[in-house]
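Engineer: If you read the sequences in order, they're chains A and B. At position 280 of the first sequence the residue is numbered 279 (numbering that gives the first Met the number 0), and the sequence of numbers has no breaks. At position 458 of the second sequence the residue is numbered 457 (numbering that gives the first Met the number 0), and the sequence of numbers has no breaks.
No lab work stands behind these hints: they were computed from the structure. One should not assume that every hint holds.
As the list claims (entries may be wrong) - The calculated label-pair distances, taken between Cβ atoms and stated as ranges, are:
{"id": "1", "chain 1": "B", "residue 1": "Thr448", "chain 2": "A", "residue 2": "His482", "range": "38 to 48 angstroms"}
{"id": "2", "chain 1": "B", "residue 1": "Ala44", "chain 2": "A", "residue 2": "Ala232", "range": "46 to 56 angstroms"}
{"id": "3", "chain 1": "A", "residue 1": "Ala675", "chain 2": "B", "residue 2": "Gly214", "range": "19 to 29 angstroms"}
{"id": "4", "chain 1": "A", "residue 1": "Phe54", "chain 2": "B", "residue 2": "Pro286", "range": "52 to 62 angstroms"}
{"id": "5", "chain 1": "A", "residue 1": "Gly308", "chain 2": "B", "residue 2": "Leu437", "range": "29 to 39 angstroms"}
{"id": "6", "chain 1": "A", "residue 1": "Leu674", "chain 2": "B", "residue 2": "Pro286", "range": "31 to 41 angstroms"}
{"id": "7", "chain 1": "A", "residue 1": "Tyr590", "chain 2": "B", "residue 2": "Phe211", "range": "50 to 60 angstroms"}
{"id": "8", "chain 1": "A", "residue 1": "Tyr590", "chain 2": "B", "residue 2": "Ala208", "range": "50 to 60 angstroms"}
{"id": "9", "chain 1": "A", "residue 1": "Gly228", "chain 2": "B", "residue 2": "Gly201", "range": "33 to 43 angstroms"}
{"id": "10", "chain 1": "B", "residue 1": "Lys306", "chain 2": "A", "residue 2": "Ala232", "range": "44 to 54 angstroms"}
Claimed, not checked - Cβ-to-Cβ under 7 angstroms is the rule here; a few derived chain B residues that face chain A:
{"id": "11", "residue": "Leu177"}
{"id": "12", "residue": "Phe421"}
{"id": "13", "residue": "Arg422"}
From the three backbone atoms N, C-alpha and C, an ideal C-beta is built for every residue, glycine too.
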Amino acid sequence: MQEGLGFTPQLTASSIAHLLWLIPTVPMVAAGAMSLLKQPRRRIASTLAIGSLAFSLLLSLVAFGHVVAGWSHGEAVRETVNFTWLQFGTSNVDLGWVLDPLSAVMLVMVSLVGLLIFIYSVGYMAHDENYTRFFCFLSLFAGAMLGVVISNSLLLLFMNWEIVGLTSYLLIGFWYQKPAAAAAAKKAFLTTRIGDIFFLLGIVWLFAQTGTLLFYNGGAGSMEPLALGGLLAAPAAMGLSAAGAIGLLIFAGAAGKSGQLPLHVWLPDAMEGPTPVSALIHAATMVAAGVYLIARVYPLMQAGSLAGGTTTALTVVTWVGASTAVFAALIAVAQNDIKRILAYSTVSQLGYMMAGLGMGGVAVGMFHLITHAFFKALLFMGAGSVIHGCHEEQDVRRMGGLKVDMPLTFVTYAIGMLALSGFPLLFSGFWSKDAILESAHKWQANQWPFYMLLFGALLTAFYMMRQVSYVFFGIWRGHKPAHESPAVMTLPLAILAFFAIALGAIGTPAWPWFRGFLEGHSAGFELAKFGEPGFLPLIATSTVVVFVGLGLGWALYGNRSPRAEEQDALEKVSPMVWGWLRDRLYVDELYGVTVIAFYWWWARVADWLDRRVWGGAVAGVTWGFRSLAHFNRFFDNYWVDGGFDKGCEEMATGGGLLARVQTGRVQTYLRLLALAVVVLAAILIWSSRG
Amino acid sequence: MSGMASGIPILTLLTVLPVVGAVVALLAGKHARGVAMITALASMAVALLVWSHLPANGSMGLAEVHQWAPSLGIEYHLGVDGLGALMLVLSGIVTLMSIDAAHRVHRQPGLYFALVLLLEACLFGAFTALNFFHWFLFWELSLIPAFFLIKLWGGAKRGPAATQFFVYTMAGSVGLLLAFLALFLATKSMDFTHLSLLASTGELDQAVASQFHQGPVMMWLAVGVLAGFAVKVPLMPFHTWLPAAYAEAPSPVTMMLTGTMSKMGVYGLLRIALPIFGHQIAQIRTPLLVLAVATVVMGAWAAAAQKDLKRVFAYSSVNHLGYCQLAIFALAIPATSAAMQASQAAALNGVILQMFNHGITAAALFWFVAMIQERTGGHRGIDDFGGLRKPAPVFAGLMGFALFSSLGLPGLNGFVGEFLIFRGVFPLAWVAATVSILGLLVTAAVILTVIQKVFTGPVPERLATFPDMHHGERLAMAPVIALMLLIGLVPQLIVDSVNPTVVNLLAHWRF
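Please construct the entire structure, taking both the sequences and the accompanying hints into account.
Structural biologist: Encoded structure:
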């Protein structure tokens, strides 16, 4: 357990911890206020959104500073504020929030990247008629996302998680008059909900088993040794403990949100949303929520592992992550839409994060999450700037030579691209990816994930070089000349570019500050790390892989300016394989003929059962009663002696009753009701005398 | 009940109030809606008063007991606990919503609103009666106003729909009637409180066994009672009357049918079936769970196949009430540990919350459908629309709240009940819970398809002038939306009054 490594946890909550709830609440309240605004109040809307998130950033920085200060004094800060939300029987549903290194780091990242994207959106969405609504949804998203981050309760996390999903749905479908956008929004919500129903099962199971959904509660939380011991002792099925089974269920939710195989299909389609949305939600923050979730419940995922060993849950996380990393990178190679390339790249990088969590622990996965958030937001916003400059063109084959027309965008984009590719030493992405490769290399269970991730790194460098060559090099192949974007858009790019480089400094093997901070132990300079056997060769290997990828990309696409009608350079090598990759390996088509076809077929079965079988049975019974009634009347009229016709009349009335009921005559119903009451009373009187 | 025990028969007053209002409305002609509105508001106030004066320990409060026909075991016995009081409040809210939605009734408004108020009176009567005879009267009488409302103001196929609704529900009641006759013969009592006391000690089973010497009579009686409720709620496959009735009834009446009358069935399961026949239900728990799971899953899927918005929401109601029945049957198991008791308490709290939440949300959805129909000359096919968000953004936004509440989005009311239900059911019947959770996914698909088809895409020309909600409508809908948010964020507001009753009930039930 990670707590074992570090200092003793601090239990009392400081005043900043007590104020932590303001960080998500202020943007949410701002969103509520904006929803009541009349549509054209543009200035007020963006001011409210930016102001509230700036406040959240400020408070996040204070919280972060508090945790860092505690950490540098040798305390592992973990402050929680919990409260009872709901009571049932004698049990409680408790919610709460937590300030610890994990939440502090994530808070700063989300609010900082969010703020930059908010500012950028002022320029990007300037001409949109639903500008006010856009900032309203964006603020709601930011609030809910920050809520996910500070939650000290799996339930509170899930609630924010779903609202994040809602805002993602609203923003993907922001241009709702485009049928493709509406369809993509629905697909995103439903695909992630597949993961979420498993997640919900995991939540209720964890709750039933441990009696709490709080993560940390002074020893009584579900992520603390007492509860974990109970979970390990409880058997589930197929040799799994309850801890393992619940871990896998929660991972299903994380896989949905973070676009892991086989639930990745929604993320590329999500690019139908405005580009700032793609940058914020579908690259930097929301899609990383799944990774954050696994980091948050890591004690559960890790429960029962021996020193240096792994658990079933973490093994699954690793394999899913590594497979996703390669799978999505392969598809990214053959895409031509500037945002779709980045979308598949995001799926792939999320796979890296998951694999990093699975093999290397929280610090490894989270470091890549943080660096990726900055450089991927940078790339998406750069792509937005390109799209803007090229008059809403998204096909990379119809661009070219933009390094001259859009120099600021080009420089910042290049920095992002090199960080994503893992260009050695200078860029943050190199160090975070290298930490994942290192842990994969050291993973005792299997070496395949290491080779998969190495291959993925090659593909990453390759597809990014292909994209940059298409967009920024060669000659302009569009119609109207491109133009550089306004400062409100390029300034955030520059700030992000700075972080895409600088963040590497906190996670190099020589000074693993980030790891020390998250794991709660001091981090000094460890130059000896470079001398460890196998370390330099590993760095050298990944460097070579990156250069091979970049070089291949340049050789095939650099300065070539291929036209849209031409075959792609790789297509000439193998048109068949190219076709598979271009068509996204037919996963959507597969789901179309299986899951979706089943859904509609089964809906028709349900409807048919209703109309024909159950409805038919009712009709049959009705018919039976009618026949009986007619027979009864016939019997009365012709066979029974008229001597006691008074009684017979009564019988005929009774027999014909059900038939007459079908005529809908109201008197009949009243009579039926009265009759029932009379009969009841008669029987009662008779029986009470007896 | 200190403050209220000063001799004011408040529960009787509550039931009489709408009857008086109905008579006035009948005479008021074109002012009938105003009369109905005032009556419903007053009833609402009284219901809230009752709700705020419950005994803190969750037992029956505000009791009124009078001799009626002692030789027949018939007493005039009224009382409410957290469950009954919440149903009173729900009936009050939904009736108000229904009257507000019915501003286009031009044909015989006096009769229409009189019938609506009579229906409300029957609901109040049924949710406060603690003697079978008395309760059964209201249970059956409630069909009459509902029948006429469908029959006289309904859609094109209102005739068969009304008849099927009436006959089917009535046929379901036969089992109820026979069962209570048998119980009376065995115990000389028709009092719910007394009978459940006998059941909890096991004396009831003995009494019935000694009265009727052969066969598992109690089990047959339990099945008869369950059949009555299974039709009313409904439980698959006894639900076939529902889609037609909901679709053909005028939308404000559908609001009453789904918002309140379906709750009479769930209420009956909780007030009558579980306390008196808990032991028998526990024995046939597995087949009942199968039916409940089928109700949840097939209800949701059947909704996916519908082309009429009202039928979509009708089946969606079947699905949502399926969760209630799932939890009710799942908790019918002898609790052998504190953990099981906690799960039962979660499930039961969840059921009651779900009843309330579904009532509000489903009524709101049918209200929105009524508005759509009004604005488009009666259109309500799911494929008749498109892009409505463009001409009517406020309408889209507010209906979006109701739709996402129905979907079970956290932060809105629908989620809380479903969460507690799954929290309770999963440890008690994990297979049923695991299969049922599919319902959440299918419901989401259904709701998002509705949004996609109605609100997104290009706007057809004939809908370009679709009027948005005017101020009056916004004002009417705002409290409902606010309630959805409030319960979603602070569910303890409701649970505070429900949980003591849940604890009290579970302590007395024997499975």
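Engineer: Decide, hint by hint, whether the structure agrees.
Structural biologist: Evaluation of the provided hints:
1. Thr448(B) to His482(A): 38 to 48 angstroms: 41 angstroms, holds
2. Ala44(B) to Ala232(A): 46 to 56 angstroms: About 55 angstroms separates the Cβ atoms of Ala44(B) and Ala232(A), which means 46 to 56 angstroms holds.
3. Ala675(A) to Gly214(B): 19 to 29 angstroms: 25 angstroms, holds
4. Phe54(A) to Pro286(B): 52 to 62 angstroms: Since Phe54(A) and Pro286(B) have Cβ atoms about 57 angstroms apart, the given range 52 to 62 angstroms holds.
5. Gly308(A) to Leu437(B): 29 to 39 angstroms: 35 angstroms, holds
6. Leu674(A) to Pro286(B): 31 to 41 angstroms: Once the Cβ atoms are compared, 33 angstroms apart, the range 31 to 41 angstroms for Pro286(B) and Leu674(A) holds.
7. Tyr590(A) to Phe211(B): 50 to 60 angstroms: This hint holds: roughly 58 angstroms between Cβ atoms.
8. Tyr590(A) to Ala208(B): 50 to 60 angstroms: Distance hint for Tyr590(A), Ala208(B) holds at roughly 57 angstroms.
9. Gly228(A) to Gly201(B): 33 to 43 angstroms: Given a distance of about 40 angstroms, which is inside 33 to 43 angstroms, the answer is holds.
10. Lys306(B) to Ala232(A): 44 to 54 angstroms: Holds, since Lys306(B) and Ala232(A) (Cβ atoms, about 53 angstroms apart) stay within the stated range.
11. Leu177: 10 angstroms, violated
12. Phe421: Interface hint status for Phe421(B): holds (5 angstroms vs cutoff 7 angstroms).
13. Arg422: Interface hint status for Arg422(B): holds (5 angstroms vs cutoff 7 angstroms).
Hint 11 from the earlier list is the only one contradicted by this structure; the remaining hints agree with it.
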